[in-house]
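Chains as they are written, first to last, in our numbering: chain A, 159 to 619; chain B, 159 to 619; chain C, 159 to 619; chain D, 159 to 619.
Calculated from the structure, these hints are not laboratory results. In this text the structure is predicted, and so the values were computed from the model without any measurement. Don't take each hint at face value.
[As the list claims (entries may be wrong)] In silico DSSO-like links for lysine-lysine, alpha-carbon gap of 30 angstroms or less:
no., chain 1, residue 1, chain 2, residue 2
1, D, Lys357, C, Lys577
2, C, Lys421, D, Lys614
3, B, Lys522, A, Lys614
4, B, Lys522, B, Lys479
5, C, Lys336, B, Lys421
6, D, Lys479, B, Lys421
7, A, Lys467, B, Lys609
8, B, Lys357, B, Lys614
9, B, Lys577, B, Lys522
10, B, Lys568, B, Lys376
11, B, Lys577, A, Lys376
12, A, Lys225, A, Lys184
13, B, Lys449, D, Lys479
14, D, Lys190, D, Lys376
[As the list claims (entries may be wrong)] Per the computed footprint, the stretches of chain C lying under chain D, defined by three or more beta-carbons under 8 angstroms from a beta-carbon of chain D, are:
no., region
15, 265–277
16, 558–572
Positions of the beta carbon are idealized from the N, C-alpha and C atoms, including for glycine.
Number of protein chains: 4
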Amino acid sequence: DLFSKSLFLAASYTDSSDDEASPRDKTQINSKGSSDFCVKNIKQAEFGRREIEIAEQDMLALIALRKRAQGEKPLAGAKIVGCTHITAQTAVLIETLVALGAQCRWTACNIYSTQNEVASALSEAGVAVFAWKGESEDDFWWCIDRCVNMEDWQPNMILDDGGDLTHWVYKKYTNVFKKIRGIVEESVTGVHRLYQLSKAGKLCVPAMNVNDSVTKQKFDNLYCCRESILDGLKRTTDVMFGGKQVVICGYGEVGKGCCAALKALGAIVYITEIDPICALQACMDGFRVVKLNEVIRQVDVVITCTGNKNVVIREHLDRMKNGCIVCNMGHSNTEIDVTSLRTPELTWERVRSQVDHVIWPDGKRVVLLAEGRLLNLSCSTVPTFVLSITATTQALALIELYNAPEGRYKQDVYLLPKKMDEYVASLHLPSFDAHLTELSDEQAKYLGLNKNGPFKPNYYR
Amino acid sequence: DLFSKSLFLAASYTDSSDDEASPRDKTQINSKGSSDFCVKNIKQAEFGRREIEIAEQDMLALIALRKRAQGEKPLAGAKIVGCTHITAQTAVLIETLVALGAQCRWTACNIYSTQNEVASALSEAGVAVFAWKGESEDDFWWCIDRCVNMEDWQPNMILDDGGDLTHWVYKKYTNVFKKIRGIVEESVTGVHRLYQLSKAGKLCVPAMNVNDSVTKQKFDNLYCCRESILDGLKRTTDVMFGGKQVVICGYGEVGKGCCAALKALGAIVYITEIDPICALQACMDGFRVVKLNEVIRQVDVVITCTGNKNVVIREHLDRMKNGCIVCNMGHSNTEIDVTSLRTPELTWERVRSQVDHVIWPDGKRVVLLAEGRLLNLSCSTVPTFVLSITATTQALALIELYNAPEGRYKQDVYLLPKKMDEYVASLHLPSFDAHLTELSDEQAKYLGLNKNGPFKPNYYR
Amino acid sequence: DLFSKSLFLAASYTDSSDDEASPRDKTQINSKGSSDFCVKNIKQAEFGRREIEIAEQDMLALIALRKRAQGEKPLAGAKIVGCTHITAQTAVLIETLVALGAQCRWTACNIYSTQNEVASALSEAGVAVFAWKGESEDDFWWCIDRCVNMEDWQPNMILDDGGDLTHWVYKKYTNVFKKIRGIVEESVTGVHRLYQLSKAGKLCVPAMNVNDSVTKQKFDNLYCCRESILDGLKRTTDVMFGGKQVVICGYGEVGKGCCAALKALGAIVYITEIDPICALQACMDGFRVVKLNEVIRQVDVVITCTGNKNVVIREHLDRMKNGCIVCNMGHSNTEIDVTSLRTPELTWERVRSQVDHVIWPDGKRVVLLAEGRLLNLSCSTVPTFVLSITATTQALALIELYNAPEGRYKQDVYLLPKKMDEYVASLHLPSFDAHLTELSDEQAKYLGLNKNGPFKPNYYR
Amino acid sequence: DLFSKSLFLAASYTDSSDDEASPRDKTQINSKGSSDFCVKNIKQAEFGRREIEIAEQDMLALIALRKRAQGEKPLAGAKIVGCTHITAQTAVLIETLVALGAQCRWTACNIYSTQNEVASALSEAGVAVFAWKGESEDDFWWCIDRCVNMEDWQPNMILDDGGDLTHWVYKKYTNVFKKIRGIVEESVTGVHRLYQLSKAGKLCVPAMNVNDSVTKQKFDNLYCCRESILDGLKRTTDVMFGGKQVVICGYGEVGKGCCAALKALGAIVYITEIDPICALQACMDGFRVVKLNEVIRQVDVVITCTGNKNVVIREHLDRMKNGCIVCNMGHSNTEIDVTSLRTPELTWERVRSQVDHVIWPDGKRVVLLAEGRLLNLSCSTVPTFVLSITATTQALALIELYNAPEGRYKQDVYLLPKKMDEYVASLHLPSFDAHLTELSDEQAKYLGLNKNGPFKPNYYR
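Based on the sequences and whatever the hints tell you, model everything.
Rendered as structure tokens:
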């Protein structure tokens, strides 16, 4: 997911302290006298605070949410354990939850992704954070446990990214788990685990899948990829787009974003598709729909966006012309059969970070980016605005689950209600100085809608 | 619906015979000796045949369908009564149904829209057609009745456009109605009537709503409007698009089409929206989202695409600048409050067909197109390709309902199955010389899909 | 030229009076008692006045010119004879010249193009107009002569469109010609004749070629064609642009305009070029550069924009696919070898005004538009705004030549000075509510420019 | 110029050897026994050779030139001294000149920009190179002198970038200078110095200004900036383009490139202009033309592309909103008045390389990129393809001057002849697999052109 990426890059700015002692072995205390946290170095709090403040400037939706909802403290009484990447952007989310009335304990969903200074700033501000960059496997589970295992404090909400925290509570603290009011999960993997639990009849708590909300999907796929395809290609290869022939495999949202950007900058784009409805859209948008083999000898760039496996195979790679760039913008690293390139007759040459030249015996070079992993996560950054969409969606899902009247949600996995999805969008409109029109009573009646939405049926994409 | 328009324009090419006698009073016989039809003048058949042949050249999907399905005659035994506009394009549909094994009897869904020569050509070819241009109300129902009321022939399928035929059979021939295997309805109105019947528990036959199929919707709205907004404005006003300031009310599929076209030709486009998700999309697509009042004084063109009522009201019209063009691309003629302009102090001047200047006392002129009715139906044409999408969808819906195993469809209103929707799309790909990629067995398994589709879930848009 | 077109269309709205008498045989007198004019029917003046008033609304640059320059009457003493199409737009120009102090006598440059009502309105207002729709060849020269041949009035300026008036004065009234202060010529043909006269050493008067001014060229070619290619194709063929494969021969300004519009609407565009610099631009703009033969079998539309001859020849036409549309947007009717299609084995079928189907023995149809003449002049309209650019350029050229100090212009053909060209542009900015930035003294000095322009060197395009 | 940039980035990959000894103090000898060169370390030749080989793959025009012209050795007898950045791309140029028959001696035009390994590879291959990264001022002139000052070898051609070499020869070796057959100069500064020399009557040698050739200008400005504005902004700020409000000062070629790219990615773009012709073009291209003050409070990004000074001044900077990004894409670093920001009440914070936050007392931050210097040279790379255009232009200019018949060029500064400009373009078409159409004899005659060009008049842009 995109959070991983942001933290990864952000983390790289973090100084890696020389202090080799494990945080678990240190006794630290914040300025208010609390020691209920475990971070690398509480003294880095000031620097972390500044990072959080900068992030706040691009996460105005959460700031607005604090203001709008503050009077009513919609999360008063909520005890949230969270397990996410710990970055400046997450910190803005956590402090928003606190401002709305919640108590929070937090840990990291990835052993490398914690921004130590941010963890310190949160701990200094009173949030119990257990996380540092470079945890061991054992540290990882120890931190999760420290979040949950308290004598006089029992969580009633879970915010998870990947499902590890959920799993831990489900397995180790069954009684706690049963009393949870709701789980909010943001990753594809975590959502998958929830659906399996549900299918097995073991999910005794309502859960919300925020990964598939309309607004989040549009930003993660269409809008984000429209920019990151250009950014990722430029940073890795300095390629000039004008006049380049590009084949894009897959014309879903990701493919549409990539095509629009490249076409706009003067590339000639071909599409491959398996779905005739998407193929017909590609035609009407001005792209030739071809089979990969028809154009593989002539193209300068090959981009996969299918979610499928082995879309680009050795046979295609053998036929590419010298200098052809190959990369993946799809949902996994299976789209390009990179394994097929690990054969003796081919030479691999790492020419830059994330850029390999694979060299054929005749000297032909194919330029492989990020070894076939996701280009936009490996070679470009994710704008804070996109992260703001995700964080706001998470916050609203927590509010919804926590405040929902008995019976609205059963022991199942839900999508974010349309109305909340629309609310996420509306909180981001001020960034664009966009002014929404309100329905008159007469118009709302004519359309059979509530004036405050939802404005579209649930199946609307 | 768009069929109306096509017939309307096509009809205008038809010579209006001087022969004033009602077809009902004439005895006509075709070259095969049959008199089971009632049209204006069977002698015009040859001219109508030529029109049909020309239409066939742009309806290759139906021709392909004839070829692909012919061996198996999937409509063998089907006895279809149809009530649609009778145009060259419909004729291609009807003759496709016949080629697939059906027997057809046909009448017109509109008293003005019949192309007499085409009706003659169909009758000459053996289809029992009861329709002519300029029917009276009484003629209209007489024709419908003649289609259904046969001694030794009972229909088992209905293809309707507007619901009049369905209603007639339901009311007058209850026993026939009960034995109908399926109804295919293409209009918004007809679909609405079917849903009401279903809600009332009176629909004893499965019905298919082809109006809302994905492929048809994309073409009727996004793609068709993208072209017809330019065409409609040019034909009526000769306006230069470059540099014009335009406000478009509504950023749904129709609005998106209009915006894309006008922006591409150098107009500066503003959007109004009530739905924050659509508004956010408008922002990301590069449009300022405003309230109508913010820009109404400065814009050169106002276009409504909302499906709402009174979006442009007298207050807005009063504030427009001299020469401002106002038109409607939405779903009904309620969007502009034209009635509010029928006041004594304003002068109306008809400057061209479909173009009125409404003149304020100070001399200001507002240019109102099509009196607020749909611009694309009134002032531009519908490409045959779009009609081909609709006709193919109708044909496949008939095949599906007729061949569905017992129990697949109950006494309800259904959307076209995704797979058939995809098939409609695939039949139109050859027009673009587009080549679809096929899944390998391994890929299909990985994705959990059948190799032949459907490729997307039913809710996919 | 574009004026021709505007008049042609406008003329079609003109009622063709039943009065068959030649205007030359009638005695007419306007309301001020003058009979120094010859038009179809002076009583139509009121209707013509209304047409002029409507045209004024889109020619704000000329209206602004009247206001800005009026105090000084820069054309006081100017006696202008003009020979142009006589349309509402020309009338706005003529009345602007009068407002600026000039006396005008006017005749038509084309025997069909006069809007009779406008000629009447001008005559009623005191301009001596000699023109009507449907003049004979003899009438044509008689009218020109009546403009020039006055006892007590000698012209000192000529505004010409085609060079006929100039030629007549040069040949018949040599003494008058010698005293002319300046000639302004707007057509390619007329400019060519002037250059030849100059080359032959016989041009004893300064002349200004307004056809090649930068602003006028951009509008006549790039901006106008960007819109008229769509308009022309739609009005004649109702073709859907989305997904169509189009080859455009020539990537000059006209070609660039056509390509941009068609690409924006979803067509796939190929380019042919002879000039590598233009070809390279086409590549960088995202078009494949091909030889015509490479794509002729697959394209749906062929458009010529070269200024060359025999770009599309019979061999190409023979290879086109069924239904291929062929048209010309270039500078003459030589680009498509239409003559080669006049052979016995091909059948021509006129299916609409300006649309012929040429039918091969195997039934293949090629759709030929306007018989290879200019599509935008034959099948679409020219926006008044484009005509305003031309008319303003003409007015400023007259002012410049009339007021230039002795010696600035010699007996040669000149381009409009950059500064006047910029002035034409600046007079049209208010239509777009565009606000120009002014240089500070410091900036002007830094750039070595006068604060009022010219801002670019003369060779700037 | 763009060469500077490419070398700068490339240089950063170069390992800075620990060897502190000055190359001037070392004795080195290449594998052929020559010591007529002075570089950092001749042993790095192999690594440099690889860099050159990689560059060759993107400079196919020069490789093609080698092949096409090789038979005739058009530079046989040419003795060229060159003073340019010494990079892999320059090496491809130099080795092309050698392949065409020239003898070359080379030095660096910038004390920091030399890629040491490339210099070594050239020296190893027999080109006398005198250059290393990190020269002192004294070293710089010593190197130049070593290129020119030979007993038995006198240069007859100069290729210069900046004019330092030309000046040195002109001043120190007057007799050599007089015998030079031609100078090719590529920088704005160097060209300016040549024009001054010419004006002063002191230029006794023909010189060619390759900076202003049409092809080079289009690539350096329109095409290169269209991509580098996105790249520069992304690499420095990770800003999301969608929905951003951007004001671009200046709508020349650079501005047009920036606008096109940003609009295509969903930004809302405003333009400021001083020239009404450019302003009118901006209108027709769909941009609002405003004064900077009208939008300065609302925009998210300000970009200068004017060539003017003080376009963005303190008053504007004071009014910008928090987080506004300011950068310069124009021709110099004068466009933004950065000096005005060096006042005590403002705090500067360097947040990344090339990115400063300037902080107002109220906490407002303005994000200033590259301290107002050229963004595309400081913060993005220049594609090798653009450098190929420049290098090919230089090579052809040398060939033209060296082979021109006596009298074609006098002691003046010339632009590259149109035909050579077209040849540069044609050599780059194969990169796009673009196929040029050839005129038939009949067509060439009709157009009055030579079949091989030039196809456009000299003033064509």
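Now the hints, each set against the structure:
With a C-alpha separation of about 27 angstroms, the suggested pair Lys357(D) and Lys577(C) falls inside the 30 angstroms cut-off, and the hint holds. At most 30 angstroms may separate the alpha-carbon atoms for a hinted pair to count; Lys421(C) and Lys614(D) meet this at roughly 26 angstroms. Distance check on the hinted pair: Lys522(B) and Lys614(A) sit about 39 angstroms apart at the alpha-carbon level, beyond 30 angstroms; violated. Note on Lys522(B) and Lys479(B): the hinted pairing holds, with a Cα-Cα distance of about 7 angstroms set against a maximum of 30 angstroms.
For the given pair, Lys336(C) sits about 52 angstroms from Lys421(B) by alpha-carbon distance, which is inconsistent with the 30 angstroms threshold. For the hint pairing Lys479(D) with Lys421(B), the CA-to-CA distance comes to about 27 angstroms; that is within 30 angstroms, so the pair holds. A threshold of 30 angstroms between alpha carbons decides the hint, and for Lys467(A) with Lys609(B) the separation of about 14 angstroms falls inside it, so the pair holds. Restraint check for Lys357(B) and Lys614(B): the C-alpha separation of about 29 angstroms stays at or below 30 angstroms, so the hint holds.
For the proposed pair Lys577(B) and Lys522(B), the alpha carbon gap of about 54 angstroms is over 30 angstroms, so the pair is violated. With a C-alpha separation of about 28 angstroms, the suggested pair Lys568(B) and Lys376(B) falls inside the 30 angstroms cut-off, and the hint holds. The straight-line distance between the Cα atoms of Lys577(B) and Lys376(A) is roughly 25 angstroms, inside the 30 angstroms bound, and the hint therefore holds. For the proposed pair Lys225(A) and Lys184(A), the alpha carbon gap of about 38 angstroms is over 30 angstroms, so the pair is violated.
Taken as a hint, the Lys449(B) and Lys479(D) pair is honoured in the structure, with Cα atoms around 23 angstroms apart against an allowance of 30 angstroms. Restraint check for Lys190(D) and Lys376(D): the C-alpha separation of about 43 angstroms exceeds 30 angstroms, so the hint is violated. Coverage of the region 265–277 of chain C by chain D is violated. Counting CB-CB distances below 8 angstroms, 0 residues qualify, and the rule asks for three or more. Coverage of the region 558–572 of chain C by chain D is violated. Counting CB-CB distances below 8 angstroms, 0 residues qualify, and the rule asks for three or more.
Comparing the model with each numbered hint stated earlier shows that hints 3, 5, 9, 12, 14, 15 and 16 do not hold.
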